[in-house]
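Could you build all of it, start to finish, from the sequences and the hints given here?
Residue 213 in the working numbering sits at position 213 of the sequence shown; the count goes up by one each step and never skips.
FYI, nobody ran anything at the bench for these hints, they're computed from the structure. Check the hints yourself; a few may be wrong.
If you anchor each label on the Cβ, the simulated ranges turn out as follows [unchecked claim]:
hint, residue 1, residue 2, range
1, Val-160, Lys-263, 40 to 46 Å
2, Gln-105, Glu-217, 24 to 30 Å
3, Gly-228, Glu-266, 18 to 24 Å
4, Lys-263, Ala-25, 42 to 48 Å
5, Gly-94, Ser-243, 19 to 25 Å
6, Gln-105, Glu-226, 21 to 27 Å
7, Lys-108, Asn-179, 17 to 23 Å
Beta carbons: idealized from backbone N, C-alpha and C, even for Gly.
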Amino acid sequence: MEEEDIENIRGCINHTAFLNGVNSAYELYKLDTDWKNKVQEDKKLVAKQLRGVSMAIENVQEEIKEVQKSGVGVALLGTGLKLEVISKKQIKNGSLVSGDSTVYQKLKNGKILLGISDGMGSGETAAKSSQKLLELLEKYLNAGLEKNVAIDLMNSYMMVGENKEKYATLDALLFNEDNGETDIIKFGACPTYLLIDGVVKTISSKSLPVGAIINVEGEIFREKLERGTIVVMVSDGVLEANSQKEKWIKNLLESIQTEDAQKIAEMVIQEALDANLGIAKDDMTVTVMKVC
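Given below as structure tokens:
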């Protein structure tokens, strides 16, 4: 539905809110249709997906009703926080394609989605799994689904049809530029490092990857990031390059003398390679995010 179509709608107090609501409902309808075609072989998983979509549609409908009643449009005045984001990759020796995938995207709700996914194994098969996982996450969140519902649907998708016995880690964050509030989402992912005034805070999870089991449970951490905070996310190829695992990255970040995101990403990758005489034994990905 386009803006000109709204001229034919009578009795609506807030045209923009109504348009957004209708478009969100339509996106959910398309997701529902695509899903039905994908998971016909598993009725139990379809039922869970449909319940999630139904809940999201009801939420959109309630929001439209509230806006129509009040006629008030809300504009958020943010703090002006911006991000500098750099990702560096190193493909596993002998492979042509990295099994790690990344996403950096501003969602329709204004939040920033940043993430790394590591597909099972390496090469093209792993790449397809990780790419699809991040595509679904972005798609579901843009359709208005809550984080937990979106993850349930992604997990169901990874467990049916040609995706059976495939899984991928999910290390993602949702950043609110208005207030710095950040949700860090982890499913089988490596630790995330927050560098604040020279001190590193490590956020770790022992959850399973998406698609590993039917009722997979991840962890969501809430942080409020201030200007100057540096966030470092890595795939397991980086973490496991050194026998000290998460400790070596923490020590490196606390010893560096730069706040340049590009230089930090390059240093982490280089240190991981140096630990194995320049050989990448697994796909390596580093994403560095600086709050400016």
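- [ ] Quick one: which hint numbers does this structure break? Sort them smallest to largest.
- [x] Hints that this structure does not satisfy do not exist here, as all of them hold.
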